[in-house]
Amino acid sequence: MNSFTDWLPTLMIFLPLAGSLLLLVTPKTFRDEVAGFMAALTLGAGLAIWRSGGSELFRWDWIPPLGITYSVQLGGVSLALALVTALMSFIAILYAARRIPNPGPMLSLILAMETGLIGIFAAQDLMLFYVFFEDALIPALLMLAMYGKDGRMAALVKFAAYTLFGSLLMLVSIIGVRYLGGSPSFAMTDLKQHLVTGSAQTWLYLGFLTAMAVKLPLWPLHAWLPDFHEQNHDSGVPDVMGTLYKVGGYGIFTFAIPLFPDASLDLRPLLMGLAAFTALYAAWIAFRQTNWKRLLAYAGLSHMGFVALGVFSLNETAVIGAMYLLAFQNLYTGALFLSVGMLQERIGSLETRVGGVMTQAGALSGLTMALWFASIAVPGLAGFIGEFSILLGAYQVSPWLTFIAGITTIAAAAYALTAFQHTFWQARPAGAVRVRDLVHTEWLILAVPLGLLVLFGVYSTPALNLMQPAVRAVLSALGGN
Amino acid sequence: MLQVPEASLTPLLPILLVLAGAISSTLLGFWLSRRTLTLINIGAVVASAVSVGWLWNRDLSSFGGGLRADHAALLLGFVILAGTLMTLLVTLDTAWRARVSFPEFDAMLMYAVTGCLLIAFSGDLIVMLIGLEIMSLSSYVLATLQGSRRAEESGLKYFLLGAAGSAVLIYGLAFVYGATGSLNYAAIAEKTSTLNPENTGILVGGALLMLCGFGFKVALAPFHQWTPDVYGGAPTSVSLFLSTVVKVAAFAGMLRVFSGALENAPGWHSVLAVLIAATLIIGNLAALRQTNFKRMLAYSAVAHTGFLGMALLGTPAAGGAALAYYLLVYTLMTAAALAIVAALQRSEDGFSVNDMRGLYYRHPGYAVALAVCLASLAGLPPFAGFFGKYLVFQAAFQNGYAWLSILAALTSVAALVYYLRPGMLMFMPDRTPAREYGLGQRVPTTLAVALGVAGVTVLGLLPNLWYAFVAHPDIWGMLAGR
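Sequence order for the protein chains is A and B. Okay, so the first sequence: first residue is 1 according to UniProt numbering, each after it adds one. Okay, so the second sequence: first residue is 1 according to UniProt numbering, each after it adds one.
If you're looking for bench data, these hints aren't it; they were derived computationally from the structure. Yeah, the Cβ is synthetic: ideal placement off N, Cα and C, and Gly gets one too. Among these hints, one or two may not hold up.
Calculated Cβ distances over 10 angstroms to all of chain A for the following chain B residues [what the hints assert, rightly or not]:
1) G64
2) L161
3) R421
FRET-style restraints, in silico, Cβ to Cβ [said to hold, decoys possible]:
4) B:F102 <-> A:Y179: 48 to 58 angstroms
5) A:Y179 <-> B:N57: 24 to 34 angstroms
6) B:V271 <-> A:E56: 47 to 57 angstroms
7) A:D61 <-> B:L288: 34 to 44 angstroms
8) A:W400 <-> B:Q225: 53 to 63 angstroms
9) B:L156 <-> A:L22: 51 to 61 angstroms
Make the full structure from the sequences, and use the hints.
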């Protein structure tokens, strides 16, 4: 047992927060460098954990009389998601520093939110999970308040009310899980040995599920999402963080399935139905959007329906696919939000009906198109492996619902390509401003995620090797399904 | 020959120190300035807090058990003193602006604190009642001291309703005496554990009447109607005092009486649960509609009464610990929030929620501090308000009130919305001229705010610093002194 690797997850969680606080006292000239350095350091810590094959469980009694522990572990699925979070936060910082005037508070908030997100993935104690879950909310709200557009107050209230509605019910469930099961602490290792049984399990699962369904998001608890993205800063940086915040699928996978195995099996058909409906319904609405950000928000919602379908199906292939999609969805949706931000910087609008950008900004258009291909699951890109595994696994559980969700892939191609055509092809309107192509770091910001999407789309073994044992371990709780 | 009664004064030390401060304010007011008196009182409060620490683990009592310096009394007394200290710091700056800058103000404040401590230290119903009346009468005066129509109106309202509440409480007290034949908590608890059936009706009636009386004091719905007017109409520093210290003392009394003396009495649990449910709904929904920030905080204080009350529904061990933790956190965050209002308001009405737009760009320190307080009031981790909320949810849930926990969770969503609006408005850029008082940032108020913000942050990250003291189950099994 290496003591340094035990500390690495803690280091990875709190490095960004330290950076966030450090920014408050950093002189303006070095602010971008310090923020970038701290984000890079966090990513480095994550890669170090990956090299050593994931971390052991680290446990420290945080509040002994309440049975709340500080238990963290990064390995398997959680490590993959933490790495994606660290990478995308780093890219968001690179872009924010260049794009946003007076970026100090924004950089600080990105780093603060990164701590919350990595904490969510690392937490192996339900109360700790809840604490990080809420912590990540505050910077997201502040980003919207400080950098949002005119309608932000309504979007803010909606976002916060939905989130809190879910998470407070989850809090009651968390209390119930421990006391009705009689566990000595909130640590997952203890809770798994003291499962709640019978109808109480179903009720507690529903409480837990509400929070996760808001975060996923799942119809009918998704209404905050489009407004949140539309009202955020044009650059798309807060949207990247918002995309990373969709941790519902992970929460159900890590906590709900092991703790509520019978209830997950009982509710499986219903939940898979909701997920399939969400995927199709969101794709349908995305088709009608003329604002790029709303379009991306609904596209993200549709992908999340896929993730939910995979997780709820409780089938090994599908769950692995769902986690794979969840990780790489963050990459391509995040990068697409940034490309929309770049487009907005050049033409001053988020409208899809612009026309002819391709003729003047070839690189921007090309990279955006490649990212869209990843998004609509073109083979050879990472999105395909995720979606295909989900469909393959879910089909074994419920062919009809999978068929309905499968239609989404066609719908996705339709909305993505239609919008892309309107903006990037067609004729350039007479008298329109000249569109500048990518410069400096903008290349990196779009190309790095795309490179990874290609890499893991062709050679998925490292990521799958990371996730497979974790998924098997979780599903074993169901008793050999 | 006159006999001097034999009484041990050691357990009274914290109360006597505060009383000394009150008396010195009364007498020295002719020669010294009010600021000097306030500084003396701060000294008295700090000395009293030190004596609380000195009495810790001694479990002394006096007057045949009528007054007890047990762990519960000392913990709750400490919370009362913390709130008092913050009030005094704020009055140093704002009393002159609120036109209450005369020695009588300080004297009344310290008399009220004396009453509050008496309630926390009480071992029988009479001592509790004496403390309650000292506290109430002083509070009526405090609410009226400012020579304005609004203050007089709110003070009169407070007095009339408070007097009715006291009358109901005394009536209930008489019933309990009639049913059990004793006023001592320990004796009542002993009687109620082996209940004589023909007295049950009287006991239940007495308990419910006392519940009504206490309902007035802590502002449980439907007895809460005076709070928004009084908290809104009184000078902000007085609102701060009433909504923290006085409420803590009233809850200390409820804890002593209901979780201690009447723990085994039937009936009051379910009625209290219904009252709490009403408080949670009414307090939170009414706060949603407020446009004045100070009134909003008043309704939020009502809503928090509902959360605090949930602790009384837990077992004494879980509920007492939850209440003691929550009361300290509640005092810190409410006092800090109101201190900022007191510093930045242009008139004693407080300011409108919309006036807070862009506060961060004008008073960054206060804006961040207020945001922390609001996040803590809303129950967002890592601030201590979250653990307070969690503890009371848990206490009620464990004792079979799962429905109330769920209701509390749902009403918390409304709470979040009204805390969120001002919290976020502060960070929105704004180009219109400032509407708050420009010269409000002064050292003592800032100190009080820093105390509150540091408190909720540290207690949120390391709740055990305070919870380790209050978590011992034996403390709360001894509420009635058995």
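Here's how the hints hold up against the structure:
{"no.": "1", "hint": "G64", "verdict": "holds (34 angstroms)"}
{"no.": "2", "hint": "L161", "verdict": "holds (33 angstroms)"}
{"no.": "3", "hint": "R421", "verdict": "violated (7 angstroms)"}
{"no.": "4", "hint": "B:F102 <-> A:Y179: 48 to 58 angstroms", "verdict": "holds (54 angstroms)"}
{"no.": "5", "hint": "A:Y179 <-> B:N57: 24 to 34 angstroms", "verdict": "holds (31 angstroms)"}
{"no.": "6", "hint": "B:V271 <-> A:E56: 47 to 57 angstroms", "verdict": "holds (52 angstroms)"}
{"no.": "7", "hint": "A:D61 <-> B:L288: 34 to 44 angstroms", "verdict": "holds (39 angstroms)"}
{"no.": "8", "hint": "A:W400 <-> B:Q225: 53 to 63 angstroms", "verdict": "holds (58 angstroms)"}
{"no.": "9", "hint": "B:L156 <-> A:L22: 51 to 61 angstroms", "verdict": "holds (55 angstroms)"}
Comparing the model with each earlier hint shows a violation of hint 3 alone; every other hint is respected.
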